[in-house]
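Sequence order for the protein chains is A and B. If you use the numbering used here, the first sequence corresponds to residues 1 to 326, in order. If you use the numbering used here, the second sequence corresponds to residues 1 to 277, in order.
Rather than coming from a laboratory, the hints here were simulated on the basis of the structure. The model shown is predicted, which means the values in this text are computed figures rather than measured ones. Glycine included, every Cβ here is placed at the ideal spot set by N, Cα and C. Careful, some of the hints might be misleading.
Said to hold, decoys possible - Estimated spans, in silico, between C-beta atoms of each pair: (1) A/Glu215 / B/Ala252: 41 to 49 Å; (2) B/Ala252 / A/Gly72: 32 to 40 Å; (3) B/Leu127 / A/Lys147: 19 to 27 Å; (4) A/Glu88 / B/Val247: 46 to 54 Å; (5) B/Arg13 / A/Lys147: 29 to 37 Å.
So the chains spell out like this:
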Amino acid sequence: MQKPLGPAISVKGLTREYVTRNFFGGVARTTSALSGIDFEVANGELFGLIGPNGAGKTTTIKILTTLLTPTGGDARILGLDVRKDLYEIRRRIGIVFGGERGLYNRVSAVDNLRYFSDLYGVDSSVARKRIPELLEVVGLSDRAQEKVEKYSRGMKQRLHIAKALVHDPELIFLDEPTIGLDPGGARDIRNMVRDLKAQGKTILLTTHYMFEAEELCQRIAVISKGKIVALDTPSELKNMVRDISVIELRTFEATMDYVEALRKLPNVVRVVADLDSEQQTIRVQTPLGADLLPKVTAALPAGARIIDRTIKEPTLEDAYLRLVEE
Amino acid sequence: MHELTPGKQTQGRVGRVIQVLRASVFLTSKLFFADPQWLIPNIIAPFIFTLVAFFLFSGQTSGSSFLLYLVLGSGLMGMWGTTIYASANSIGFDRWNGTMESTLAAPIPLSWIALGRVLFNTLQGVLNAVFILVIGLVWFRVGFTLVNPPAFFFASIMTFLSLSAFGLLMTTILLLSRKGGFITNSMEIPVYIATGTMFPVILLPVVYLPFAFMLAPTWGIEAIRLAALPGYVGLPTTYTVDMTIMVAETFAYLALAFFLFKRVEAYAKKMGTLEEY
Ligand SMILES: Nc1ncnc2c1ncn2[C@@H]1O[C@H](COP(=O)(O)OP(=O)(O)OP(=O)(O)O)[C@@H](O)[C@H]1O
Ligand SMILES: [Mg+2]
């Protein structure tokens with residue numbers, strides 16, 4: 001297919017408001033989900049959109065995939081207008097929504113793929129060859145005739161990817177494609193995304209996993225409260241937190257009190273803790289680096305132990321947290 | 001990942017419509033047969049209904065035309081039931097199945113997909129009617145001599161299509177209203193009565209008549225009865241008049257349904273979904 005000359009995605013001053021109506025049909029509340037965002041995605045680029053819950057990622061994807069009308073601004077997909085050229089855009093894009101929804105569970109994978117290839121106008125002779133190829137690619141060939149309701153979460157997600165590819169789209173949108181998957185399942189999906197990129201597809205994906213964004217994306221937009229607060233390559237984004245380093249502690253029996261004590265120490269920028277497991281992980285961001293260690297140890301309450309401590313370079317997650325908290 | 005077989009797209013609007021209708025009918029039938037629940041409303045319930053009716057009336061009447069009347073009535077009633085059920089379940093199914101977004105995202109009008117769904121579900125009603133007819137013929141030995149067989153089959157097919165068009169219209173109304181289930185359930189009985197599936201329309205109270213005349217199947221059912229029952233006296237119209245009015249009303253339903261589907265799609269795009277109401 002002929003590649004358009006301009007960018008694959010071009011977004012200018014895009015806004016979207018949601019109006020929630022009350023029981024009587026009056027306006028109860030107006031939520032501004034997007035308040036003027038701008039970005040471009042080049043042909044063949046793998047672009048990431050990250051941001052906290054409710055930031056506006058799904059809203060952006062829905063607008064770009066013509067499922068939702070923008071309130072203001074402009075968005076062009078492969079040079080086409082999302083407000084006017086609905087069907088032309090839809091024919092040339094693939095959409096993967098994360099989560100369980102979007103498949104017919106009572107019929108087989110083949111039935112699902114055949115149905116969607118018909119909706120997308122894929123010629124039957126082509127579909128007959130392409131569907132087995134796709135099932136092969138997503139590793140579902142030997143379970144292809146089974147009902148989807150018997151599939152694991154990971155298998156369903158791989159079928160979602162196959163479904164988005166039946167019409168061989170140029171541009172693929174993935175909204176949290178690895179949500180709820182185990183590490184192996186998530187890795188499979190990431191490998192598929194990389195393969196698609198290698199084939200020259202343009203990809204826009206959202207994720208809540210920073211390492212995933214860092215591993216996959218060439219450029220990342222950080223979106224917060226409906227605004228893009230940063231847009232750059234992963235390494236440039238990390239550069240924004242060059243001034244700090246991170247003390248990563250693995251502890252035993254540490255509590256929230258300890259985390260609070262660490263937060264009160266001078267020169268501590270931020271403390272992020274995962275206290276849920278047997279061993280806790282606590283990350284302390286500080287410009288002092290190893291020099292802060294004595295104070296960190298001194299703050300430890302009786303009974304708790306530090307199993308392991310390392311000084312690390314800041315990661316994308318550290319940069320992200322700074323960006324979205326400001 | 002190796003390259004996929006390069007694809008050509010189905011060409012031409014007619015080709016596309018046929019492809020989508022076929023896909024939609026095919027999927028709906030697969031979904032239908034995957035769920036054994038379908039036996040109850042579609043085979044067992046009409047079967048019991050017909051049996052009861054036969055036992056009640058078979059002793060009392062001498063002429064076989066009354067039994068044929070009964071067969072037609074229960075068959076048509078089954079068709080109405082499935083039409084109404086069909087429209088509630090056509091796109092409503094995608095709403096609770098979580099496939100609304102995938103459906104809306106396709107590069108075709110939603111009405112094409114819905115029409116496929118409604119056609120299959122109405123066809124179920126036809127099979128249902130045929131089934132009842134077979135019970136009547138084989139078990140109760142109802143004399144099945146049609147006045148005019150070709151006219152009977154033609155009227156039956158046209159009534160089936162008009163029922164589908166009505167189902168499509170109902171689908172849009174259900175999508176645009178919140179209490180979809182309530183509307184369909186409360187529609188069923190008045191519609192049975194108004195279209196004369198239970199009694200000839202002529203026996204209806206006058207207040208019902210305008211409503212009955214607006215329903216295309218009322219005319220279809222009249223035409224079917226004229227073509228089937230010897231000496232049938234219904235409305236003071238002829239077969240041709242009945243059929244003409246039915247076809248005209250069917251086209252009106254289709255036009256209104258396609259118009260309302262545009263509204264549904266515009267609404268979905270404005271809200272970003274059709275799932276939350
Ligand atoms: N249909 C809707 N009606 C009203 N408000 C909505 C609707 N959909 C989204 N919103 C609101 O718009 C804002 C942005 O939501 P959006 O789903 O785009 O966020 P997100 O970045 O995808 O979040 P998450 O990470 O949780 O998926 C939120 O405040 C959300 O509550
Ligand atoms: Mg989201």
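Status of each hint after checking the structure:
{"no.": "1", "hint": "A/Glu215 / B/Ala252: 41 to 49 Å", "verdict": "violated, 58 Å"}
{"no.": "2", "hint": "B/Ala252 / A/Gly72: 32 to 40 Å", "verdict": "holds, 39 Å"}
{"no.": "3", "hint": "B/Leu127 / A/Lys147: 19 to 27 Å", "verdict": "holds, 24 Å"}
{"no.": "4", "hint": "A/Glu88 / B/Val247: 46 to 54 Å", "verdict": "violated, 35 Å"}
{"no.": "5", "hint": "B/Arg13 / A/Lys147: 29 to 37 Å", "verdict": "holds, 34 Å"}
Checked against the numbered hints given earlier, this structure breaks hints 1 and 4; the rest are met.
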